[in-house]
Amino acid sequence: MITETNWTNLGSVDNFPLHLGTCVKVGDTQIAVFHLPTEGKWYAVQNYNPINQRMVLSRGLVGDENGVPYVACPLHKHHFSLETGMCLNDPGHMLQTYPIQEVDGELIIAA
8 MITETNWTNL GSVDNFPLHL GTCVKVGDTQ IAVFHLPTEG KWYAVQNYNP INQRMVLSRG
68 LVGDENGVPY VACPLHKHHF SLETGMCLND PGHMLQTYPI QEVDGELIIA A
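In the working numbering, the protein residues as written are 8 to 118.
Think of the hints as simulated: they come from the structure by calculation, not from any bench.
In this text, a Cβ means the ideal position worked out from N, Cα and C, and glycines have one as well.
It is possible that part of the hints are untrue.
[What the hints assert, rightly or not] Restricting the straight-line Cα-Cα distance to at most 27 Å, the calculated cross-link-like pairs of lysine-lysine (BS3-like) are: (1) LYS84 to LYS32; (2) LYS84 to LYS48; (3) LYS32 to LYS48.
[Stated by the list, open to error] Computed Cβ-Cβ distance ranges for the label pairs, DEER-style: (4) CYS30 to GLU90: 25 to 33 Å; (5) ARG61 to VAL33: 25 to 33 Å; (6) SER19 to ASP97: 35 to 43 Å; (7) ASP111 to HIS83: 36 to 44 Å; (8) ASN59 to SER19: 19 to 27 Å; (9) THR91 to HIS26: 14 to 22 Å.
When you get a sec, could you build the whole thing from the sequences and use the hints?
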């Protein structure tokens, strides 16, 4: 079965701060977008924290744990992998991750 990916343009990469999260809304979904230039990568995960049930992850701090980039929830400091969405403190919790890429100075996401 072949499925077509729908990409949404989020605008210029210049609108997204380095090392910080930005919340974007695609349809009815809030997504936390992070740019880690030292890795040369963009990450996108759901903004909703399933543990405390709040839309807060875009306001979390980013870090690195044993080579795994993560976002720490600003409320209770749970660490979520930006690559897989898995909670590093409690693997029973996962975030949805989204494909995201920079194309000609624009940021696009499949959500």
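* Which earlier hints turn out false for this structure, listed by number in ascending order? -> Those not satisfied are hints 4, 5, 8.
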